[in-house]
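Generate coordinates for the entire structure from the input sequences, incorporating the hints supplied.
Protein chains: 4
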Amino acid sequence: MKISYNTWAYSSFYVWVPAYTLDETIKRIAGMGYDGIEIGAAAPHAYPPHLSKDRRRRVRELLDEHGISLSSMLPAPSGGPGNNPASPNIEERRATVEHYVDLAELTAEWGGKTLIYLPGWIIFGTSRRQAWKWSREVLTEVADRIAHTGVTLVIEPTSHDTNLCMHADDAIELMEDVNKPNVKLMFDTFHALYSREVMSDYVYRMGENLKHVHISDNDRLPPGSGVGDFPSLIDALIDTGFDGYLTMETGFHRRGIEPDEDARTSIEYLRPLVESKLAEHAKASKKE
Amino acid sequence: MKISYNTWAYSSFYVWVPAYTLDETIKRIAGMGYDGIEIGAAAPHAYPPHLSKDRRRRVRELLDEHGISLSSMLPAPSGGPGNNPASPNIEERRATVEHYVDLAELTAEWGGKTLIYLPGWIIFGTSRRQAWKWSREVLTEVADRIAHTGVTLVIEPTSHDTNLCMHADDAIELMEDVNKPNVKLMFDTFHALYSREVMSDYVYRMGENLKHVHISDNDRLPPGSGVGDFPSLIDALIDTGFDGYLTMETGFHRRGIEPDEDARTSIEYLRPLVESKLAEHAKASKKE
Amino acid sequence: MKISYNTWAYSSFYVWVPAYTLDETIKRIAGMGYDGIEIGAAAPHAYPPHLSKDRRRRVRELLDEHGISLSSMLPAPSGGPGNNPASPNIEERRATVEHYVDLAELTAEWGGKTLIYLPGWIIFGTSRRQAWKWSREVLTEVADRIAHTGVTLVIEPTSHDTNLCMHADDAIELMEDVNKPNVKLMFDTFHALYSREVMSDYVYRMGENLKHVHISDNDRLPPGSGVGDFPSLIDALIDTGFDGYLTMETGFHRRGIEPDEDARTSIEYLRPLVESKLAEHAKASKKE
Amino acid sequence: MKISYNTWAYSSFYVWVPAYTLDETIKRIAGMGYDGIEIGAAAPHAYPPHLSKDRRRRVRELLDEHGISLSSMLPAPSGGPGNNPASPNIEERRATVEHYVDLAELTAEWGGKTLIYLPGWIIFGTSRRQAWKWSREVLTEVADRIAHTGVTLVIEPTSHDTNLCMHADDAIELMEDVNKPNVKLMFDTFHALYSREVMSDYVYRMGENLKHVHISDNDRLPPGSGVGDFPSLIDALIDTGFDGYLTMETGFHRRGIEPDEDARTSIEYLRPLVESKLAEHAKASKKE
Numbered sequence: 032m033k034i035s036y037n038t039w040a041y042s043s044f045y046v047w048v049p050a051y052t053l054d055e056t057i058k059r060i061a062g063m064g065y066d067g068i069e070i071g072a073a074a075p076h077a078y079p080p081h082l083s084k085d086r087r088r089r090v091r092e093l094l095d096e097h098g099i100s101l102s103s104m105l106p107a108p109s110g111g112p113g114n115n116p117a118s119p120n121i122e123e124r125r126a127t128v129e130h131y132v133d134l135a136e137l138t139a140e141w142g143g144k145t146l147i148y149l150p151g152w153i154i155f156g157t158s159r160r161q162a163w164k165w166s167r168e169v170l171t172e173v174a175d176r177i178a179h180t181g182v183t184l185v186i187e188p189t190s191h192d193t194n195l196c197m198h199a200d201d202a203i204e205l206m207e208d209v210n211k212p213n214v215k216l217m218f219d220t221f222h223a224l225y226s227r228e229v230m231s232d233y234v235y236r237m238g239e240n241l242k243h244v245h246i247s248d249n250d251r252l253p254p255g256s257g258v259g260d261f262p263s264l265i266d267a268l269i270d271t272g273f274d275g276y277l278t279m280e281t282g283f284h285r286r287g288i289e290p291d292e293d294a295r296t297s298i299e300y301l302r303p304l305v306e307s308k309l310a311e312h313a314k315a316s317k318k319e
Numbered sequence: 032m033k034i035s036y037n038t039w040a041y042s043s044f045y046v047w048v049p050a051y052t053l054d055e056t057i058k059r060i061a062g063m064g065y066d067g068i069e070i071g072a073a074a075p076h077a078y079p080p081h082l083s084k085d086r087r088r089r090v091r092e093l094l095d096e097h098g099i100s101l102s103s104m105l106p107a108p109s110g111g112p113g114n115n116p117a118s119p120n121i122e123e124r125r126a127t128v129e130h131y132v133d134l135a136e137l138t139a140e141w142g143g144k145t146l147i148y149l150p151g152w153i154i155f156g157t158s159r160r161q162a163w164k165w166s167r168e169v170l171t172e173v174a175d176r177i178a179h180t181g182v183t184l185v186i187e188p189t190s191h192d193t194n195l196c197m198h199a200d201d202a203i204e205l206m207e208d209v210n211k212p213n214v215k216l217m218f219d220t221f222h223a224l225y226s227r228e229v230m231s232d233y234v235y236r237m238g239e240n241l242k243h244v245h246i247s248d249n250d251r252l253p254p255g256s257g258v259g260d261f262p263s264l265i266d267a268l269i270d271t272g273f274d275g276y277l278t279m280e281t282g283f284h285r286r287g288i289e290p291d292e293d294a295r296t297s298i299e300y301l302r303p304l305v306e307s308k309l310a311e312h313a314k315a316s317k318k319e
Numbered sequence: 032m033k034i035s036y037n038t039w040a041y042s043s044f045y046v047w048v049p050a051y052t053l054d055e056t057i058k059r060i061a062g063m064g065y066d067g068i069e070i071g072a073a074a075p076h077a078y079p080p081h082l083s084k085d086r087r088r089r090v091r092e093l094l095d096e097h098g099i100s101l102s103s104m105l106p107a108p109s110g111g112p113g114n115n116p117a118s119p120n121i122e123e124r125r126a127t128v129e130h131y132v133d134l135a136e137l138t139a140e141w142g143g144k145t146l147i148y149l150p151g152w153i154i155f156g157t158s159r160r161q162a163w164k165w166s167r168e169v170l171t172e173v174a175d176r177i178a179h180t181g182v183t184l185v186i187e188p189t190s191h192d193t194n195l196c197m198h199a200d201d202a203i204e205l206m207e208d209v210n211k212p213n214v215k216l217m218f219d220t221f222h223a224l225y226s227r228e229v230m231s232d233y234v235y236r237m238g239e240n241l242k243h244v245h246i247s248d249n250d251r252l253p254p255g256s257g258v259g260d261f262p263s264l265i266d267a268l269i270d271t272g273f274d275g276y277l278t279m280e281t282g283f284h285r286r287g288i289e290p291d292e293d294a295r296t297s298i299e300y301l302r303p304l305v306e307s308k309l310a311e312h313a314k315a316s317k318k319e
Numbered sequence: 032m033k034i035s036y037n038t039w040a041y042s043s044f045y046v047w048v049p050a051y052t053l054d055e056t057i058k059r060i061a062g063m064g065y066d067g068i069e070i071g072a073a074a075p076h077a078y079p080p081h082l083s084k085d086r087r088r089r090v091r092e093l094l095d096e097h098g099i100s101l102s103s104m105l106p107a108p109s110g111g112p113g114n115n116p117a118s119p120n121i122e123e124r125r126a127t128v129e130h131y132v133d134l135a136e137l138t139a140e141w142g143g144k145t146l147i148y149l150p151g152w153i154i155f156g157t158s159r160r161q162a163w164k165w166s167r168e169v170l171t172e173v174a175d176r177i178a179h180t181g182v183t184l185v186i187e188p189t190s191h192d193t194n195l196c197m198h199a200d201d202a203i204e205l206m207e208d209v210n211k212p213n214v215k216l217m218f219d220t221f222h223a224l225y226s227r228e229v230m231s232d233y234v235y236r237m238g239e240n241l242k243h244v245h246i247s248d249n250d251r252l253p254p255g256s257g258v259g260d261f262p263s264l265i266d267a268l269i270d271t272g273f274d275g276y277l278t279m280e281t282g283f284h285r286r287g288i289e290p291d292e293d294a295r296t297s298i299e300y301l302r303p304l305v306e307s308k309l310a311e312h313a314k315a316s317k318k319e
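Just so you know, the protein sequences line up as chains L, A, Y and W, in that order.
Be aware that the first sequence starts at 32, since it is given in this note's numbering, and climbs by one per residue.
Be aware that the second sequence starts at 32, since it is given in this note's numbering, and climbs by one per residue.
Be aware that the third sequence starts at 32, since it is given in this note's numbering, and climbs by one per residue.
Be aware that the fourth sequence starts at 32, since it is given in this note's numbering, and climbs by one per residue.
You can take every hint at face value.
As the list makes no split between identical chains, a pair holds if one copy fits it or if it spans any two.
With a straight-line cut-off of 20 Å between C-alpha atoms, the simulated SDA-like cross-links for lysine to any residue are:
{"no.": "1", "residue 1": "Lys-164", "residue 2": "Ile-121"}
{"no.": "2", "residue 1": "Lys-164", "residue 2": "Glu-207"}
{"no.": "3", "residue 1": "Lys-318", "residue 2": "Gly-64"}
{"no.": "4", "residue 1": "Lys-242", "residue 2": "Ile-203"}
Calculated directly from the structure, the hints in this document are not laboratory data.
Spelled out as structure tokens, the structure:
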């Protein structure tokens with residue numbers, strides 16, 4: 032189980048400031064001992080149309096120089112272009128397909144294997160079944176077009192922000208409906224807690240299809256700062272053989288958060304917890 | 032003094048849901064008795080690359096059918112493309128210029144005369160003077176390129192969200208530095224209140240160059256729901272001969288707000304206040 | 032639009048005390064000016080196996096004597112028998128069918144036409160699709176077996192309490208899947224508010240299939256005591272031609288609430304609001 | 032002194048979700064090191080009419096396989112059938128007798144010796160003396176009819192939920208009034224704390240008739256998370272020679288609690304406390 036940190040808190044998404052260059056962000060996150068970095072496709076870091084060929088190469092070098100891996104990438108929905116695959120606007124859906132294809136290629140170029148798929152949300156006037164159909168079509172097309180990259184799309188249910196794919200089973204059903212080898216699952220503990228759901232239930236429900244986890248306490252706090260039961264979560268992840276990244280997606284949603292503090296606090300809590308749980312389970316296995 | 036409502040609360044910016052089509056949004060806002068509508072360039076409403084020629088024509092018809100004017104437009108910064116004219120990323124600055132030009136043309140096509148200019152924010156590693164220079168260059172180029180449209184750019188200081196142009200004088204200085212006839216001023220009462228400043232001070236400081244006002248109480252509440260002194264603000268606006276739009280930019284920043292309630296509450300408070308103040312001033316003038 | 036009050040607050044569900052006999056409850060609610068009463072199938076009021084033939088006749092007489100109609104009935108899920116139609120326990124599902132059939136007959140005997148259907152919840156280890164199938168089967172069988180009663184089943188989405196049918200579209204999809212003439216829709220404003228959804232969106236989304244509404248402010252407060260936008264809700268209900276009952280389901284979930292106060296506060300807020308909105312719409316129609 | 036965990040938090044009582052099958056619940060509670068499990072008679076776990084003969088046998092096997100004992104059982108009052116032995120409704124009282132008889136037989140079949148008796152609550156219109164008489168009659172009849180099972184009924188005073196048997200002496204008086212060898216006492220620390228009473232007072236007051244204890248901090252928090260003085264409680268229990276089960280009845284009354292966390296936190300606090308207190312007392316005895 033590796034530990035990663037998402038870049039939103041250092042970018043201009045959601046809150047516009049403070050914001051740091053990607054160079055500075057990579058340097059800081061690597062310096063804190065993270066194994067990986069999850070790069071969000073937001074200005075001023077990694078919006079594909081703003082990245083020259085040279086710049087793309089340079090980012091790959093930066094990751095290597097700092098000894099940190101690209102755990103994953105994800106788009107920045109809402110705002111101007113939206114990137115809502117369930118939008119009634121055909122131009123938006125088409126642009127969303129292209130954006131995901133761009134991101135998959137960028138992910139591969141930077142050595143990553145995981146791209147988060149956000150199934151979108153229902154605009155008033157669209158039925159859920161129609162929105163689902165549109166999202167399924169976008170995901171199917173993207174999955175086919177990025178097959179050559181080796182990148183896996185992981186569907187994220189987002190109860191706090193959306194109204195279409197909100198819980199574990201919504202993501203599972205979408206994965207089943209799409210039925211592609213490069214479409215798997217992830218979840219974010221923040222969204223599970225927001226819905227008053229049990230984090231470890233998600234782990235058992237998603238099982239071997241769970242390939243990525245966003246870690247955050249309630250209210251997007253660093254893990255261990257709120258009410259979330261992270262010991263049970265880590266138990267469940269070890270129990271089910273999870274070997275992906277635990278990625279903090281925290282501290283980016285309001286003014287007044289210091290990104291460095293958020294990142295440092297998160298790893299200082301999570302690293303020892305994971306290690307002690309791994310030791311505990313190893314000991315228990317030996318006994319049997 | 033006309034009253035307008037900004038579309039963010041009905042779009043997917045900032046929070047993604049609830050979201051309504053622009054058709055539904057125009058119908059509702061017009062139905063509540065607003066004179067104008069401020070359309071934000073965000074999905075699913077009005078992101079220029081997603082608007083076909085037919086769709087642009089149709090939106091103009093919708094405004095006419097519902098007897099409501101386009102008070103103004105504005106971009107949706109942050110998110111993916113950023114639209115930060117002070118970004119150290121040259122590609123982002125170039126894209127920002129193009130986006131403003133697109134928006135000015137769209138504003139003109141829909142019968143509007145006002146486009147809000149957001150001067151951007153400083154990314155860590157850039158000096159304020161450098162960021163200012165970049166923003167000034169973007170604004171100068173946009174002002175020149177949209178001269179033919181008849182649209183006026185109004186600079187908005189945003190203390191809550193940024194770190195470059197935060198207060199009345201910042202906006203005034205930028206206007207003076209650029210020195211173009213189609214570059215004027217606006218302010219948002221929310222940002223003034225956030226900085227613990229006096230709303231009416233902005234009115235007197237900006238004087239005849241004040242062409243647009245965003246109305247919001249503290250915490251982006253509907254006017255009259257928080258601590259803001261709106262009677263004094265209206266006095267100052269009448270006093271200085273302001274004849275632009277008072278535009279609510281409220282209720283869009285967190286889950287759990289009902290857009291209709293926000294819009295209805297706002298006009299139910301503001302319309303009688305403006306009318307009683309106008310009557311009061313008319314009576315006072317007669318006496319003199 | 033008629034106004035009704037649900038009996039939970041006077042029964043032993045959820046909190047056990049205070050509790051009143053059904054006779055006392057009917058007397059009080061009728062005395063406050065309610066048009067209807069929604070009787071929950073909980074002790075000590077109306078659990079069918081505890082009602083003798085004489086008692087059933089007597090309750091009908093009581094309603095007539097006090098001039099109040101039975102707006103609707105509903106089961107009390109959870110607790111001992113559960114009544115979860117999506118339970119993995121076949122005995123529980125069979126008992127749930129029988130309970131709904133009993134309730135439909137009781138509803139008809141007491142002069143009612145509406146029975147609320149609660150689609151149940153997912154037990155860990157059941158997939159959502161399996162739970163959905165079970166609930167659909169129960170609902171289909173009940174709909175067929177109660178056809179002779181003239182009672183309509185209205186599906187209620189319950190985001191606060193369950194994890195299967197939580198939002199407007201879930202209920203719509205279940206209604207479509209079952210496809211029976213006596214299966215329609217309802218919603219509860221408390222659950223919409225709990226999910227940070229817009230109450231009037233439910234009205235427009237459910238349209239002519241909306242046959243019943245539970246009214247409650249956030250945290251099951253009397254309407255008008257919390258954050259809910261009830262003026263917009265009533266506008267939407269008039270707009271779509273709703274002519275069912277507005278039923279308070281409030282004040283039953285924690286110690287320390289006085290049922291009479293809850294019931295009186297609710298109708299004192301809602302009755303004038305409905306009447307003024309009806310007058311407003313009538314005036315607007317005349318003008319056109 | 033053995034430690035047990037009550038199943039409500041894993042069942043659909045009070046809150047309906049999350050809910051786990053009894054198989055999963057037994058596995059988890061045993062896995063955390065509990066000596067016993069208290070099984071509540073609620074769906075989807077153990078509502079007697081929903082249990083086939085095979086299923087009853089299978090549950091007994093499950094307990095044995097996981098090496099955990101049935102510490103006790105209890106009914107789920109309120110909801111539909113009520114199970115209120117003080118109800119003015121004769122049918123409800125008769126059904127309550129039958130339910131307790133069923134539960135005693137189930138308890139015996141699953142290897143348990145303790146069944147909790149909840150004396151019920153007063154419905155408005157009934158005098159306390161009348162309610163007391165009804166509850167005493169129910170308890171007397173149940174005690175006689177279950178004599179063959181070897182199960183002991185323990186009366187629980189419940190100040191938070193009821194208005195009839197609320198404090199230590201109420202339970203003691205009821206025990207004396209009934210005067211049967213298989214009717215004894217228990218108490219719940221949550222109810223003592225809710226009434227601002229001293230937990231250890233209950234221990235000394237009930238003395239040798241105290242056969243079972245429910246452990247919970249204020250607000251049904253895990254012991255050690257609130258204000259309760261558990262070290263003094265354990266002292267008193269050792270002092271009076273208590274050798275029954277300390278059973279957590281926690282974490283089941285509102286959404287947003289993770290049952291595993293509640294169960295784990297409880298035993299992590301209580302086990303070392305009990306062990307250190309036992310060692311302390313053993314040492315003190317030696318000295319004497």
